[in-house]
Amino acid sequence: MRWQIPLLIVLLCGVVVAVQYFVPLEELEFIYENALDWIIITGVFAMMLGLWSLFRVSISKVQNKAPGWGYNLITLAGLFGMLFLGYRVESLAEGSLFMKLFRYVYIPIQATMFSLLAFYVASAAYRAFRARTVVSTILLATALIIMLRMIPLGFLSNWNQVLANWILTVPNMAAKRAIAMGVGLGMIATALKIVLGIERAYMGRD
Amino acid sequence: MDLGSALWNGLAVFLTLCIFSILYKDNPFYKLAEHLVVGISAGYFAIILYYNGFLPKVWVPVVKEGKFYYLIPTILGIMMWTRFSRKWSWVSRYPIAAYMGIGMGLAIPLTMYAFILTQLSATMQPVGFANAKLINNLLVAVWVLCGLIYFFFSKEHTGAFGWAAKIGIWTLMVGFGAGFGVTVMGRVSILIERFEFLVNYAKALIG
Amino acid sequence: MRSNLHLKSLIFFILIFLFWESSSFAQEDLSQTWFNPHRANMLIFLIFFFAVIIYFIERAKKGKSLFIRRIAGLDAIEEAVGRATEMGKPVLFISGIEDVDQIQTVAAMIILGNVAKMVAGYDTPLLVPICQPFVVPVAEERVKEGYASAGKPEAYNRDNVRYISSEQFAYAAGVNGIMLRERPAANLMFGSFYAESLVMAETGFSTGAIQVAGTANIHQLPFFVVACDYTVIGEELFATSAYLSKEPKLLGSLKGSDLTKALIMGILALGVVLETLGITHFTRWFYIE
Amino acid sequence: MSFYEKMMTLDRRWVYLCVGIAVAVPLFVPFTVPVSVTPEVRSVYDFVESLKEGDRLFIAIDYDPTVMAELQPMSLTIMRQCFAKGVKLIISALHQNGPGMAEQLVSLVSKEFDKKSGVDYCYLGYKPYPGLTILAMGQNFRIPFPQDYYGVSLDSMPMMQGVRNYDQVKAIIAMEAGWVADSWIRDANGRYKVPVALGVTGVMAADYFQYLPSKQIFGLMGGLKGAAEYESLAKQKERQATGRMKVQTIAHIMVIIFIVIGNVGFFMSKRKK
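Residue numbers (the working numbering), protein chains in the order written: chain A, 39 to 244; chain X, -6 to 200; chain R, 215 to 503; chain V, 229 to 501.
In silico EDC-like links for lysine to aspartate or glutamate, alpha-carbon gap of 16 angstroms or less:
id	chain 1	residue 1	chain 2	residue 2
1	V	Lys474	X	Glu186
2	V	Lys398	V	Asp283
3	V	Lys498	V	Glu233
4	X	Lys50	A	Asp75
5	A	Lys99	R	Asp373
Calculated from the structure, these hints are not laboratory results.
Next up, chain A with everything else stripped away, as it sits in the complex (with noise of 0.2 angstroms):
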């Protein structure tokens, strides 16, 4: 009960769902259809996790009095605040308090954080790109030749332009090509392995 089925069960689902892409019957189509609409409604339910192991950690730390647990009182007024806003149709029309909410609070951070980037891609190549050994010399003249593109230096842009391109097409394009084909032989010998249960750590034990 523990093992056997929840191990039929992957492979039952992992064959069903790859046989169909060389089957095109409609009846397999329909599952297919179907597994994917499954895999959206299990994923429903098991937000319920997330939410509670949020609501756990933050409540104990409240309860606990840990250092800055006033901050996670913040987690869950904003956590409820949502939900409670949220309850009903109306509330995802625009111009609803949980839209303005998510337009004004939750946009421009996540946009933000994402902006910090530009900071980080400066301090990390300042960081590492030196030229210790061959790999990172390697590493730091491509960088620098592709950002130069970006600068205006006269007849040299021109020629500067040709080798970005140059290895935008031929060096990149084979190392992309190359690291694909391994990924993908991996990816499709762990898939493997999961689906006949040969590997089975991901499940846990008793």
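Using the hints, position chains X, R and V against chain A.
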């Protein structure tokens, strides 16, 4: 700008600055924004999942349309909740198994297609020394082969094989350098957008 | 158990061959047929790959030893965990931002269990912030199992495996908070990462942690290579997960992958030669409709 | 610590500060940076320039507000160029979060040129599953879009009379922020043989160069630089990307300066030892 949107946009500006403050060091303002966004996003996605997942995929098919086979994934989903009990938590393996099985089944042919066969057929091009295109094709093919040799695990990287693997890792590094270089532009564009947002707000306030 | 595996492989192949055999009835209206002939090439490839992997797994089980080369990132994991435990500081494990139906996340979960086993013997917490709700139970089980197999089930603390947010940058903000305030001495990042990779890796660097990262997402590899102490590149991620478990049968699949890789290289070389000679039938065979 | 060692171990906050200044100052200080035009951008411009009054062009706006800074200038410039020449536009928006933003853009530009929906342009809007939508439009625009974004039937539009599918448009110019670009290449160009040009984000540009030599795309605009190049060719009054491009240039110079500082410090301190 009316008062309402001035205040809401003011909040957005304030939170933007809170996040930027992390660049100096960790501080109460960053902590505030960080904890707020974690709570808000969890609540937001739970609600969105309710309206876009639960209602159309569970409630409407089962209750309104009477498609009872939708109860199967629903029951699987509810089985996830056995995680809350220590004794019954093993039941949650069923939905996890279904979820993974479907995921793996989808991945096998698609990975074969996108990661292997497409790349393979794109690399099989005529080669030669007559013109730049043929030479480039040859270089791509050789470098792809060397890159693949780097990923051999069951053979020691020594001798000629080792040299090929070395050329392979050099090729990968060119790829990484190029990948880094092209990304800088995109990241700076996003920062420009943020700065323009701040400047436009300030301009609007001043009038 | 072994016969069980044989049986399963048998069912698997019978199913596939059934569809393969019936392909001769291919008709124009595909919705009525048992097999899509345009995809036969892929099927042949898959069958070959599967057969090779299963063959080597079986061989490994019989005790034939296999050579596997050293993977630098692998030793680095042990080194990083070792240093964190020496300093009595936490170990942080980040498993990417994708769900558990993604193969990279599964590979990350396998690594997580082995990291838990390493950490269990010492009095240092293993922090696992999580991005997708479905990953929470799997990660909990893996950590619990790792502690149990090291003989320290009581050391497991459920609050250390925590869901943060399903949104990329909200998650990154939360992880940054953990790095800045709980000061882990080792940051292990394995799985499927996107733009948030560098946000976390740079913050981790600023706290002075040893960082080991691995992903198969090609676009993020440059940032890990630049910002982390060790990077596990592409396929090495899956090899690492197989290697860490130290089970011969899992290692057998590496040998199978290698053989298929050799086949692919052969096809590639042959294809290039034939294309150069103006023979295009061979290459055409690899197109998928 | 010697001077050279200090060069190697600058506090990262100095880097942040310099990047911040490099991005902020050009926003206030007026100056221009010359942009060298690449052939792959020029071929898009030349193509649009070669269109005649009454020709139809398909524009795909497949991005969301997060990458507006890079892609909006391309859409804006090309739409203005077309409307000024009297070219009729069919526009789709196949990114889930994009249709509202695209609608604002379409109505802004059409007002400028006093163009009418259904007569001079047709804004189709959004349908889920972009890959399938692109394929279906190859058969007939009316399969995925019986009506346009505003709910007007395509059959009732003067400009859509006799327009069935891609055969009746001169080309597709697609502004892309993700994998939908592959679908335009594979399905629209590969299967239906319609010429395709792409405008993509800076990060994506490297991956799409490979389609130029094989003629699967006839042009490529990558990121802000591509947009600025296009603006410098089109010579319109408003040049958003050119303004942002000078920020890019300064920011890139800053990053390169820091790399140089680090390496000079590294080599000089090594030589001393």
